[in-house]
Amino acid sequence: MITVKNLTKIYQTPIRSKNMIKDLFFRQYKQSTALNKVSFEIGDNELVGFIGPNGAGKTTTLKILAGVLYPTSGQVNVLGFSPFEKKAEFLKQIAFVMGQRNQLIWDLSPTDSYLLNKEIYEIDDDIFKKTIRDLSELLRCEQLLDKPVKTLSLGERMKMELIAALLHRPRLIFFDEPTIGLDIFSQEAIRDFIRKFQTQFGSSIILTSHYLEDVKRLAKRLIVINKGKILYDGTLKTIMEKYSKVKFISVVLEKNVSNNLINQIGKPIVNLYPKIVWKVEKKHLPEKITLINRLIPYSDLTVEEERIEEIIKVLFS
Amino acid sequence: MGPLFFLFGKLIRFVLMFFLIFIIFGKTRLIKGYAFNQVVIFYLTFNLIDTITQILFREVYRFRYLVLTGALDLILTKPYHPFLKVLVGGIDFLDIIMLIPYVGLIFFFAHNIPGITFFSIFNFSLLIFNSLLIATAFHIIVLALGILTTEVDHAIMIYRDMTSLGRFPMAIYQEPVRSIFTFVIPIGIMMFFPPQALFNLLSFTLYLLSFLVSLFLIFIALWMWGVALKKYQSWGG
Chain Y
60 MITVKNLTKI YQTPIRSKNM IKDLFFRQYK QSTALNKVSF EIGDNELVGF
110 IGPNGAGKTT TLKILAGVLY PTSGQVNVLG FSPFEKKAEF LKQIAFVMGQ
160 RNQLIWDLSP TDSYLLNKEI YEIDDDIFKK TIRDLSELLR CEQLLDKPVK
210 TLSLGERMKM ELIAALLHRP RLIFFDEPTI GLDIFSQEAI RDFIRKFQTQ
260 FGSSIILTSH YLEDVKRLAK RLIVINKGKI LYDGTLKTIM EKYSKVKFIS
310 VVLEKNVSNN LINQIGKPIV NLYPKIVWKV EKKHLPEKIT LINRLIPYSD
360 LTVEEERIEE IIKVLFS
Chain H
-15 MGPLFFLFGK LIRFVLMFFL IFIIFGKTRL IKGYAFNQVV IFYLTFNLID
35 TITQILFREV YRFRYLVLTG ALDLILTKPY HPFLKVLVGG IDFLDIIMLI
85 PYVGLIFFFA HNIPGITFFS IFNFSLLIFN SLLIATAFHI IVLALGILTT
135 EVDHAIMIYR DMTSLGRFPM AIYQEPVRSI FTFVIPIGIM MFFPPQALFN
185 LLSFTLYLLS FLVSLFLIFI ALWMWGVALK KYQSWGG
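Residue numbers (this note's numbering), protein chains in the order written: chain Y, 60 to 376; chain H, -15 to 221.
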């Protein structure tokens, strides 16, 4: 579905000197590499999480894949098309949802905007009605369809934006931070919707988000990008196995024990009776558990993985 | 009330300029060889082309906002040509009303000029269409500049100021200004040639040249638009 080979994007920013004439005729440019020979493939019906810090190149990649930006070099093939040619047959098969941009007409109801999209994407009447019914049911927002967009809250508006973007049942969807600025309930609703939409319609999805929770909950495959280079491309499970070097042992004490005893296992990162947490290297886990069993009277013991956020931080550093 | 005042303002501006021509012709019978009816037709032709351009390309005035906010991204991902939105996406229906008096007055004053035939009216109409092609090219160039420099307002004002020089016959300007306005910045072709053809005063060579110029400008404009899209950096993300 998507093949990207050695994709490079360099942005040019004019450098202003104090000489206006020089700026006009011999302007100098500063070049910044947003993507540096990036390569990856994405297959049918995949949901891929694209993560990285600000300026990593996530959105640039998505915009090149959608045909908005022209690549400096490299090959891009999406659904059998070269995206920048902006062929209508290609654009009818994709959707680009940007958490910070709106396509709904401010003064009208979402339904009016949907009718406009119906004409743009040449959607049959029956499919149009059914899709609106299905999507509004999934998002539980039937009551908002005829309210003016300007009266909707941010979360409500995002739901209606999603319907507008997905009305033509695209084969490929780019979600660029779809949950940005939303409260936790709206974030959850949007995540739930994306998961159900993909199951129901079988679209391929690329998702970028600053909230790792989005990616954790939705994507099986993860592409980690920083400074225009792919640092990791694989499953969420593999990244945990490969990069996570520590585990957390958490116990709930049955009765108070001396610090001397606790320190024999290791210096805890949390010691608030009755809870104690140790951060231990993976290779020492069995011996530490054996030691705890021998020395510490506890009512509950759990072993937790390192948080994905911490692993990603290590990757970026 | 807003639309009414808008129309009223346009009407006052039109009538005042018309009155000025009337006063000038109170002192003289001809301006550079053109009679009152002919000068009025120059003025009406300018208004006709300018108004149709305003009707069609109003959205260009809002283009800068789309570029600066990155809203252009969403337009570029829609399965229609972006010109449908950024060039002709804001048709100003209010201005259509103003076309009625302009066309009516052109017919009225042309009726009083001897020698006008159906063929000259046909040529006049064709050259008006040609002028609109040139105006389209200018507006596409403004859009391209909007992407390359995020500057639209000044470019469009320069275009408007230049074309407004075509209110009156090009003959009133001295050389080399006249040649520059005709061949370098083709305001003359836009505003001056259609009435000339109506009065059967335009040579066949210039008639053909005007179409070549418009086609060349359209080609340049589309090329610039293509270059601009390649350079587009999608701000506001």
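If you're looking for bench data, these hints aren't it; they were derived computationally from the structure.
Accuracy of the hints is not assured; some may be wrong.
What the hints assert, rightly or not - Which stretches of chain H does chain Y cover? Using the computed rule of at least three CB atoms under 8 Å from a CB of chain Y, they are:
id, region
1, 58 to 70
2, 209 to 217
As the list claims (entries may be wrong) - Pair ranges (Cβ atoms, derived):
id, chain 1, residue 1, chain 2, residue 2, range
3, Y, L83, H, D145, 14 to 22 Å
4, H, V(-1), Y, H269, 20 to 28 Å
5, H, I81, Y, K89, 45 to 53 Å
6, H, G(-14), Y, F244, 24 to 32 Å
7, Y, K146, H, D145, 36 to 44 Å
No residue lacks a Cβ here, since even glycine has one placed at the ideal position from N, Cα and C.
We went through each hint and held it up to the structure:
1. 58 to 70: holds (count 6)
2. 209 to 217: holds (count 5)
3. Y:L83 <-> H:D145: 14 to 22 Å: holds, 21 Å
4. H:V(-1) <-> Y:H269: 20 to 28 Å: For Y:H269 against H:V(-1), whose Cβ atoms are near 59 Å apart, the range 20 to 28 Å is violated.
5. H:I81 <-> Y:K89: 45 to 53 Å: Distance hint for H:I81, Y:K89 holds at roughly 51 Å.
6. H:G(-14) <-> Y:F244: 24 to 32 Å: Violated, since H:G(-14) and Y:F244 (Cβ atoms, about 42 Å apart) do not stay within the stated range.
7. Y:K146 <-> H:D145: 36 to 44 Å: With Cβ atoms ~39 Å apart, the hint holds.
Violated hints, listed in ascending order, are 4 and 6; each of the other numbered hints is respected by the structure.
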